[in-house]
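Engineer: Fit chains B, C and D to the given chain A structure using the hints.
4 protein chains.
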Amino acid sequence: MSGNTIGKLFTVTSFGESHGLALGCIVDGCPPGLALSAEDLQRDLDRRKPGQSRFTTQRKEADAVKILSGVFEGKTTGTPIGLMIENTDQKSKDYSNIKDIFRPAHADYTYQQKYGMRDYRGGGRSSARETAMRVAAGAIAKKYLEQQFGVQVRAYLSQLGPIKAEQFDWDQVEQNAFFCPDVSKVSEMENYMAALNKEGNSIGARISVVASKVPVGLGEPVFDRLDADIAHALMSINAVKGVEIGAGFESVSQKGTEHRDEMTPEGFLSNNAGGVLGGISSGQDIVAHIALKPTSSLRLPGRSIDVDGNAVEVVTTGRHDPCVGIRAVPIAEAMLAIVLMDHLLRHRAQNFDVRCETPKI
Amino acid sequence: MSGNTIGKLFTVTSFGESHGLALGCIVDGCPPGLALSAEDLQRDLDRRKPGQSRFTTQRKEADAVKILSGVFEGKTTGTPIGLMIENTDQKSKDYSNIKDIFRPAHADYTYQQKYGMRDYRGGGRSSARETAMRVAAGAIAKKYLEQQFGVQVRAYLSQLGPIKAEQFDWDQVEQNAFFCPDVSKVSEMENYMAALNKEGNSIGARISVVASKVPVGLGEPVFDRLDADIAHALMSINAVKGVEIGAGFESVSQKGTEHRDEMTPEGFLSNNAGGVLGGISSGQDIVAHIALKPTSSLRLPGRSIDVDGNAVEVVTTGRHDPCVGIRAVPIAEAMLAIVLMDHLLRHRAQNFDVRCETPKI
Amino acid sequence: MSGNTIGKLFTVTSFGESHGLALGCIVDGCPPGLALSAEDLQRDLDRRKPGQSRFTTQRKEADAVKILSGVFEGKTTGTPIGLMIENTDQKSKDYSNIKDIFRPAHADYTYQQKYGMRDYRGGGRSSARETAMRVAAGAIAKKYLEQQFGVQVRAYLSQLGPIKAEQFDWDQVEQNAFFCPDVSKVSEMENYMAALNKEGNSIGARISVVASKVPVGLGEPVFDRLDADIAHALMSINAVKGVEIGAGFESVSQKGTEHRDEMTPEGFLSNNAGGVLGGISSGQDIVAHIALKPTSSLRLPGRSIDVDGNAVEVVTTGRHDPCVGIRAVPIAEAMLAIVLMDHLLRHRAQNFDVRCETPKI
Amino acid sequence: MSGNTIGKLFTVTSFGESHGLALGCIVDGCPPGLALSAEDLQRDLDRRKPGQSRFTTQRKEADAVKILSGVFEGKTTGTPIGLMIENTDQKSKDYSNIKDIFRPAHADYTYQQKYGMRDYRGGGRSSARETAMRVAAGAIAKKYLEQQFGVQVRAYLSQLGPIKAEQFDWDQVEQNAFFCPDVSKVSEMENYMAALNKEGNSIGARISVVASKVPVGLGEPVFDRLDADIAHALMSINAVKGVEIGAGFESVSQKGTEHRDEMTPEGFLSNNAGGVLGGISSGQDIVAHIALKPTSSLRLPGRSIDVDGNAVEVVTTGRHDPCVGIRAVPIAEAMLAIVLMDHLLRHRAQNFDVRCETPKI
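Protein chains in written order, with numbering that gives the first Met the number 0: chain A, 0 to 360; chain B, 0 to 360; chain C, 0 to 360; chain D, 0 to 360.
Chain A extracted, bound-state conformation:
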């Protein structure tokens, strides 16, 4: 199979470039009978949409999604759901200047090497604009999982550059421009971003995504372990450089007595596993963390080469996110929801009932 489809039973196949006519995807494998309208998808699209705060790119994109098929009289029919977002605010002229050069840390160089050509306008297919369709498709998975089982998939920004969220309150996450659960850090983040903008630089971020009320037993060892598919899906998001499940890299310095999540008749006593044991969900919260690199599009000049191999200096104008991590929150939720949905279907295929019990016998 080619590279633009994810999932085995609940599949999302996407198309579209940053400055093409439209972005779209086909969601195949959604069970029939789910009440679904464009509004259900728009909410998350709007959370991802640029221009929501002065800390994200000021591009104005309507990002209005259309459902082209698979829904009849307000309900899914079990046939493929075609989704489309027409591109509006394109401003192609912004990009003509990078036609023949490779922006450092962008995909310009590798796309040119692989394909021998590239749609250089705004990064073409490699633009994070592509993630809009992930969010739209993920919203379908999120709605199904929540309606059927009460599964909730939510993400937040756990670290912005040097600033870590320390207190935690889900209610705060949607109340600030950073999706930060620690209200006490918001003004610090605002000041940090303001200074960063002035400097013309960018910064990385850490996003955490959590799924609660996950059915027990999801995951297909040994290669399609739930955590392996989660790692695949999250690492496929633009700018992601690392994925952790549960304790993640902290496990390296943990002793066995510290890491192992002991069990009692009342349930688990800790969750270093992040909700996955042996590649199968345990019924605890699924917890994953991702590292996003800083935006590579900077006003500050950088050394690079042009298509003929000559040294050039690159300065990226145009409108860009100083921290792509912020807008990755709904994207991370979408990818985790897509993986859970796919594994829910795979689990059912073996005729297992789906149990969302407190994780005990």
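By construction, these hints were calculated from the structure, which means they are not laboratory data. Treat each hint with caution, since some may be false.
Remember, identical chains collapse to one label, so a pair may be satisfied in a single copy or spanning two.
EDC-like, lysine to aspartate or glutamate: derived pairs with alpha carbons at most 16 Å apart [what the hints assert, rightly or not]:
1. K98 - E72
2. K65 - E173
3. K163 - E189
4. K254 - E198
5. K98 - D307
6. K212 - D284
7. K98 - D305
8. K65 - E85
9. K48 - E173
10. K212 - E145
11. K48 - E85
12. K163 - E187
13. K197 - D168
Note that this is a predicted model, so its numbers are computed, not measured.
Structural biologist: This is chains B, C and D only, laid out in the frame that chain A set:
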């Protein structure tokens, strides 16, 4: 597709439990004409084999692999390669005592929940014993990649619990029981492990895996990015809780000017990307790191429940690795090689030539 | 993977119902650099389009296809190609009367049984309208195969009900409304269809599809044999009930001496194999035949049941093809081209050169 | 994915050549809890086994299958089932003479062209010996389908060369060497085969396969229609040149009023559809027919070429089936069972209940 196959064109499908008759796998998609014998696979199997030092389990397993098909007159024929390792030293009696209880941090609980039953002998399918076939299959990929393109896939232990390798020398890696590239830390590690064994505890580890001379252009955006498939393959290894590409989680606190790998006509000036840009290999070394949790099988008692939900105390006797990370070195190499091989075939399918040049135009 | 994608490397994923907003598909895996415009696809779409003669449905559908992505400055970029056809002439009122009944030999009954609901308008997803996207996607494969290797994929009507084409002239195929290679049978077919229309009945047809100048060596034994994938693709076309490769069912009464295609230094002496030996293309013409059932939508009343299981009499009004086989000609070409394209990519993946020689050493 | 795996959720991946050490396969996706022993598989293997009558090859193969994994305490565990048959009676010397020539109608030529080399011993991977593993894997699917739903998958020989079975009695099928349901034709077939053997020639056959009590709703339109997957699976069997569903090629000359299977509250009045409507099972019997070409290995000399392109005369000695069709009966059953099993799992994934009712509302 079910969960025991990895890869799209170069596929590995495996079977076998810790204490069954045999482990095996089918390697499909290996091009014809590769000189191949069991010895080629045995070398890496022996690197993974237990009982190699007093720091790994003292189980004695011959782990002698047989090639059952796909090789004729010493060369691969392009037909599927059947591999098998017969299980010898099984000692099933060691395990009867855990028949009805769930060992903390093991897959006992989730397998029982998913399948309603389980082969409890040594963890059955969830045992790390399964990784022997990964190593055997990976050795085929490693040999093909090296012979055709000079690609080298090598791993080492970069951290054992609190002890980090600081100096680096590839030549040292195979010279000590820890696959540690820093000879100055070996005796410290030996003492640490000795104390750990005495204590009856276990510890996590960090393994780094590097592929050099990788062709430019491997990877199929957007979902089958090379780094996404690497994350999938590495996270599918038992006990792995985190995967990083290049700078990984350090990217969170990096600024754009710091992270972006600038280019000159002579090549890249740094490798925070870990050899992957936009999901496609850049020709730089592919660098990945994984976190392995500490072994869950401990002599120190832990709280758990039995199949009826009653509280029990678990003490794991039998022979176990105090640090599973050590033996993960050849496994990580195998998984990275399998992913690179698969993407090499996928790349070729589009009729691109395979270039292993210094990464410049 | 769900059921709306075909192909492993050259994949076509489609969506859309007969009376939805639009039909569309995503063609993934097309190599970069192919000159492509909507006109390239429109030609075959027009050959399939209804209302081309009085022997096909009089529905007027513009069937104007739009390329939404994957093409930049007139050439494919190697990224997914999004295609869309907006539905125009829908006349939904025509169908409200069949909302609660199952038309005999239609998919109404099975869709209702499987999904518990259905989009009954014009058959919804089960409508042959879906095949428009196959034709559009197939046109991309046809163009690539022809441009790169001179492969030609052409089909014709070899039998209409009782009337068999006996003489053969490729030049005639596009000269008559039946795609019939035997000009001497055309008026007979016209009279037959006129009588059939008067009677209110429909008739089956046999379509033959031929690919010439096919490279030697395409096909992946043992399960993904070229002929097996061709059978899959052709049987997936609406109304197809049989597929033959080469001699097909004539092989049943052939003796070995009669069937075996002997070889000489000048090439094969016959083509009972239909261009496939052991599941791999031999370089001879690929020859396949398909049987299409008569249209099930008839003015002549038929017995059926309604959703409550009560006996009903069904009379299908509306505009329908008395012989769906006629319009299947470009569809059969498209499906064969898609399979050949997919196998061409799979063949290349193993680093085999692509040879289009006369089939000898 | 490479070519040696069939199925999406119930997958069979096979390896092995005619004269290698062993044949084997991995059956992945079998639900846990199915009572399974080697004997369950051996019964069908023995039906396929050569040397059962004087009308099949006199090679003696034990074809004793071993279950290497996936079964614990007599029941499947949900983990992959490894199966192996060791090759015994190999007689490699029989084949050295064909090392450098291409037997007409065999895969020798195309394998050499594709892979640049081949295991010429007995056809290597292209030998029908490979089908032994299909039969073993299919027996697992057959047992599951029968135990869970009472589905029966049975095949018979409907035509041997010019001789058609006219009367029909399932009870006769296993009572004669031809799997012929018409006892009145058996002696005619015996005489025909005796004459054929004397002549040194071979003959084709038609096999019919029927699945009864099939659940309603199996099949994933539009590309993974049940009939399309059946066509794929049956056409992938060695020597098969045609596949029909239901009326098959008779549909070509049928009128709509004749072909459409009318329904009444008591059920369908006919089964021209062969149990599949719109690619989804209707609950009627699934009926498929396949055409098998005559064996290509003949004592009668045939013209061919050698690897250097020189004209040669080929005479095939050794032991061969004068009619490969006869032994294809259990193979056809196995392939249909595998497809049904796969689609049963895919159907369940969408959370539909599995109904085996008489096909009415």
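Engineer: Compare the structure with the hints numbered earlier in the document and write down the numbers of the violated ones, lowest to highest.
Structural biologist: 2 and 13
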